[in-house]
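Protein chains: 2
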Amino acid sequence: MSPASPRRRLPLPSWLPASRWLADYQRRDLSADGLAAVIVTLMLIPQSLAYALLAGVPAQMGLYASILPLVAYALFGSSRTLAVGPVAVISLMTAAAAGQVAGGDSATFLLATTVLALLSGLMLVGMGLLRLGWVANLLSHSVIGGFISASGLLIAASQLKHLLGIPLHGDTLWALGASLLAQTGRIQWTTVILGLLTLAFLFWARSGLKSLLARTRLSASAADLVSKAAPVLAVILTTLAVEGLDLRRAGVATVGAIPGGLPALSLPAFDAELWRALLLPALLISLIGFVESVSVAQTLAAKRRQRIDSNAELTGLGMANLASAVSGGFPVTGGFSRSVVNFDAGARSPLAGILTAVGIALTALFFTPWFQALPKATLAATIIVAVLSLVDLGALARTWRYSRADGLAMAVTMAGVLLMGVEVGVIAGVLSSLLLFLWRTGQPHVAELGQVPGTEHFRNVQRHQVQVSPSVLSLRVDESLYFANARHLEDQIYDCVMQRPQIRHVVLLCSAVNQIDASALDSLESLNQRLGDAGVTLHLSEVKGPVMDRLRRSPFPKHLHGRIFLTHFDALRALDPASLAPPP
Amino acid sequence: MSPASPRRRLPLPSWLPASRWLADYQRRDLSADGLAAVIVTLMLIPQSLAYALLAGVPAQMGLYASILPLVAYALFGSSRTLAVGPVAVISLMTAAAAGQVAGGDSATFLLATTVLALLSGLMLVGMGLLRLGWVANLLSHSVIGGFISASGLLIAASQLKHLLGIPLHGDTLWALGASLLAQTGRIQWTTVILGLLTLAFLFWARSGLKSLLARTRLSASAADLVSKAAPVLAVILTTLAVEGLDLRRAGVATVGAIPGGLPALSLPAFDAELWRALLLPALLISLIGFVESVSVAQTLAAKRRQRIDSNAELTGLGMANLASAVSGGFPVTGGFSRSVVNFDAGARSPLAGILTAVGIALTALFFTPWFQALPKATLAATIIVAVLSLVDLGALARTWRYSRADGLAMAVTMAGVLLMGVEVGVIAGVLSSLLLFLWRTGQPHVAELGQVPGTEHFRNVQRHQVQVSPSVLSLRVDESLYFANARHLEDQIYDCVMQRPQIRHVVLLCSAVNQIDASALDSLESLNQRLGDAGVTLHLSEVKGPVMDRLRRSPFPKHLHGRIFLTHFDALRALDPASLAPPP
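Chain order of the listed sequences is A and B.
Just so we're aligned: the first sequence equals residues 1 to 584 in full-length UniProt numbering.
Just so we're aligned: the second sequence equals residues 1 to 584 in full-length UniProt numbering.
Simulated from the structure, these hints should not be mistaken for lab results.
All values reported here derive from a predicted model rather than from experimental measurement.
Treat the hints loosely; a few may be bogus.
All copies of an identical chain are treated as equivalent in the list; a pair is satisfied when it fits inside any one copy or across any two copies.
[Said to hold, decoys possible] Dumping the calculated DMTMM-like pairs for lysine to aspartate or glutamate here, alpha-carbon to alpha-carbon at most 25 Å: (1) Lys544 to Asp478; (2) Lys161 to Asp392; (3) Lys303 to Asp491; (4) Lys161 to Glu243; (5) Lys544 to Asp344.
I would like the entire structure built from these sequences, with the hints used as guidance.
Written out as structure tokens, the structure is:
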């Protein structure tokens with residue numbers, strides 16, 4: 001049998017991204033995809049239950065969110081190895097948003113989580129079709145980084161309730177802390193011991209188990225995969241402990257009965273007010289889910305010299321969320337750790353995702369009774385270990401050292417998330433990074449220039465030994481001219497001239513000006529007028545081609561009292577030749 | 001008596017801006033200031049009554065807003081000739097904001113207008129103290145221009161009710177139009193005739209009267225001043241007509257009894273909910289009032305080679321609004337037409353403003369009975385003529401021709417103001433100009449470069465006849481690298497390399513890169529990694545000094561697989577010397 005025989009087995013339309021990888025699918029890929037699917041399924045079962053717990057929904061919804069969404073992404077996504085499903089940060093955002101609109105009503109809460117998946121799916125597909133992927137750029141890396149770290153801390157704090165066996169309420173660090181302090185007397189110590197043991201085991205598995213396995217005959221990557229399966233072992237051991245030691249009687253809370261079977265397909269009920277209230281959270285969930293997922297997909301694609309089309313990614317993730325919504329799930333996206341495991345386990349194509357979905361479907365059909373005695377504390381410990389690896393507080397110091405503005409945006413995001421909740425945090429972060437960007441470019445570096453003697457070069461008078469004309473002021477602006485700096489520059493230059501009554505000409509060197517928008521054009525017009533009224537002539541030099549093309553479409557070159565020189569040296573030669581030093 | 005005798009007559013503290021102009025006040029300035037004050041007072045009386053009408057408050061509040069605020073600005077402002085008081089656009093914004101919170105209750109409406117002045121005053125003073133004047137830069141010229149034009153149209157439409165003698169309701173063009181169509185049968189024709197005659201006279205005065213006066217022995221500037229006093233003449237003539245022809249019986253609405261006397265000093269009652277609801281409108285009123293006022297002040301200052309300190313202007317306008325709030329007025333700012341008249345009439349110092357305040361105070365004390373028979377139609381005509389001169393629809397076409405993005409922002413602002421009200425309009429405008437800026441700089445111009453044969457210069461391969469290396473890709477990015485374009489550039493460069501398997505090196509020419517923020521640094525790191533994984537080495541060349549200083553504070557230069565070259569020619573000489581053309 002030729003290796004090409006499985007080609008074009010399925011009559012898929014060519015516009016479907018999946019047709020591309022199915023067209024050259026090889027039989028030998030199947031075993032690789034199958035193995036990866038088994039490993040990811042084992043990893044995904046406890047994760048899907050845990051993230052359902054984090055999102056505040058019944059455990060089976062975690063399984064449902066790990067079946068159809070994986071199939072939808074395999075058909076519509078552009079990454080070959082991204083593993084889609086419930087992830088920690090998105091589950092936290094889902095819980096916060098649904099909690100806000102539900103007001104304590106659990107039916108509304110469940111409906112809200114499904115509506116969030118639906119709205120988020122519609123938004124992502126819409127952005128994909130309109131090629132609006134660039135909107136995600138509003139989230140700067142500092143904001144994303146701060147958001148992920150702070151969310152990790154907040155998630156860990158929120159899971160303390162399962163480790164301590166007491167109900168904690170609140171969406172912020174303060175609220176959770178206050179809730180904890182009020183109930184210290186009610187801590188359930190059997191649960192605490194079980195939870196701490198699980199935590200210790202999971203942390204040890206991350207480092208100790210790996211080096212232990214490395215000493216065996218296992219390859220390094222296999223050792224890595226086995227150590228990543230530690231949560232499965234923890235699930236089995238603690239479930240057996242609960243059954244064997246009858247810990248439920250000692251007060252240990254377990255997952256309890258999970259209805260078996262596959263999800264029924266249906267659309268969430270329409271409720272205009274509820275949908276409207278969830279629009280903004282759904283947008284934030286979409287953007288953050290997309291940014292996180294696409295960066296994982298790109299990192300993995302680069303390792304095999306493949307490429308990710310970010311608009312196709314939007315559609316793929318959107319379809320995954322729509323699939324989640326119609327099958328009773330909640331918002332999903334591409335997860336970092338699962339995707340890395342999928343890649344490392346050798347997944348060759350999105351078929352691995354489809355096979356994983358089959359694995360979870362089988363679990364939902366046949367194995368749910370096995371999780372009845374699974375302690376919630378185990379799942380909480382799994383979550384805590386997973387999210388604490390996302391927390392990178394050192395990034396704050398590193399970013400601050402590199403750029404005060406970015407560090408500040410990160411700090412604002414983190415403080416917002418921890419003290420005022422995920423939504424306020426991300427919005428405060430976006431606004432502060434925008435304002436800081438405008439503030440920074442709003443006060444651009446303006447250098448006064450002089451001639452480097454004997455050359456045609458002009459340099460900053462404060463940094464170099466240069467020749468300066470008494471009547472011609474040479475200024476270089478190191479920034480595009482646009483609305484955020486137009487007025488400031490106009491004033492700065494005007495004030496600078498007013499302080500030196502002997503100045504007759506101002507020449508603006510525009511070599512670093514990549515754009516001049518309409519506001520800056522108005523400011524140049526007004527500067528030209530104000531300087532003219534004060535008896536000073538404004539000139540430009542070294543205007544870039546595209547900028548000059550645009551200026552020619554305006555009346556400014558006609559209004560300009562001075563000239564536009566090709567080079568700054570030309571300007572000085574025309575305006576004050578006596579000031580120029582002769583060549584040595 | 002020496003001309004220096006009036007120096008330092010008042011023991012003012014030196015931190016008060018007024019101490020500066022009082023210190024060198026000359027006796028001969030007094031007569032100039034006095035004359036200007038008389039002319040501005042005559043102009044301000046009908047304007048203050050008209051803008052009170054526009055703001056929806058009793059006529060005397062217009063007078064009150066023209067007394068203490070002028071004194072406060074004279075003491076704290078930095079412009080020598082700016083005439084502060086009620087202005088059209090701010091009065092419209094006041095009416096819209098107060099109308100929204102009052103819900104038809106006139107006591108709440110009046111309280112809201114005073115609270116708006118108070119909040120706006122506090123915000124302006126606060127921004128002045130914190131030196132936050134740059135926040136006003138968020139309002140691009142396109143947004144301001146579109147806002148002023150659209151507000152002018154909306155104000156003119158809103159005044160139709162006084163010209164037609166029917167009550168019109170609504171804050172948008174649609175609402176006003178619908179209200180008008182529903183009441184066409186109730187139009188008060190005597191009022192219409194009176195209003196149209198006044199309108200015709202005022203329009204004629206703007207052009208015809210001026211040229212008529214120019215033929216007399218009056219100087220051009222005096223003719224200009226007299227023609228600007230036409231509203232006063234209109235007020236006198238129509239008041240006499242109402243009295244003489246008993247037009248009130250024919251249904252012509254008049255200003256009615258205005259309580260005489262000076263305003264009592266008091267603070268508006270505190271109402272947390274009301275204040276909170278007015279925070280955003282007060283911020284918008286502050287910013288728009290400030291931007292409009294400061295540009296007038298700067299234009300006038302330039303004509304006498306004086307300077308405006310924008311932070312002092314914030315404080316000055318803030319104190320004027322606080323003064324308005326404690327004396328029963330509504331929000332004020334520097335007005336364009338009055339300031340020009342003040343300047344042209346020869347005002348030398350802010351004393352002209354104080355004398356104008358005395359003039360208005362005398363009016364409030366003794367002359368209010370004279371306005372009892374003044375028809376509202378006359379005031380409406382005054383407003384319409386004044387605001388239609390602000391409408392510049394051609395600006396939309398001009399801006400669009402220069403820059404699609406700016407034109408679009410202006411169109412969004414205008415449509416927002418006309419169809420959804422002033423607040424929505426200005427917010428939509430600001431957001432759209434921000435998003436368009438991010439979108440534009442988010443997809444920067446990236447040129448592939450080749451060597452101009454025989455030189456050390458590198459130019460765009462699409463525009464010039466150049467020499468290209470088969471293994472080294474030379475790219476120049478014409479934009480600072482920051483969060484809005486970082487990810488896009490990373491993908492663009494990576495995809496570009498993936499399409500050409502023969503490429504071994506990528507050199508990024510950074511001569512137009514004024515900044516690299518933390519997001520862009522992350523993207524460079526990731527690009528370096530992704531290219532490295534694909535067997536391609538990333539290099540930089542011609543990095544600017546300040547950008548390089550900052551990069552050195554990060555681990556990026558260490559992580560970079562390639563090198564950072566001083567010049568692009570150096571890079572090619574090191575990486576692929578064979579590709580370089582020899583000098584001719």
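Status of the hints after comparison with the structure:
In this homomeric assembly, Lys544 and Asp478 come within 25 Å of each other (Cα to Cα) both inside a single copy, at 13 Å, and across copies, at 10 Å. When the C-alpha separation of Lys161 and Asp392 is checked against a cutoff of 25 Å, the pair qualifies only within one copy, where the shortest distance is 23 Å, while the shortest distance between copies is 63 Å. When the C-alpha separation of Lys303 and Asp491 is checked against a cutoff of 25 Å, the pair qualifies only between copies, where the shortest distance is 14 Å, while the shortest distance within a copy is 51 Å. Taking the shortest alpha-carbon separations for Lys161 and Glu243, only the intra-copy value of 22 Å comes in at or below 25 Å, while the best inter-copy value is 82 Å.
For the identical chains of this complex, Lys544 and Asp344 are neighbours neither inside a copy (49 Å) nor across copies (41 Å), given an alpha-carbon limit of 25 Å.
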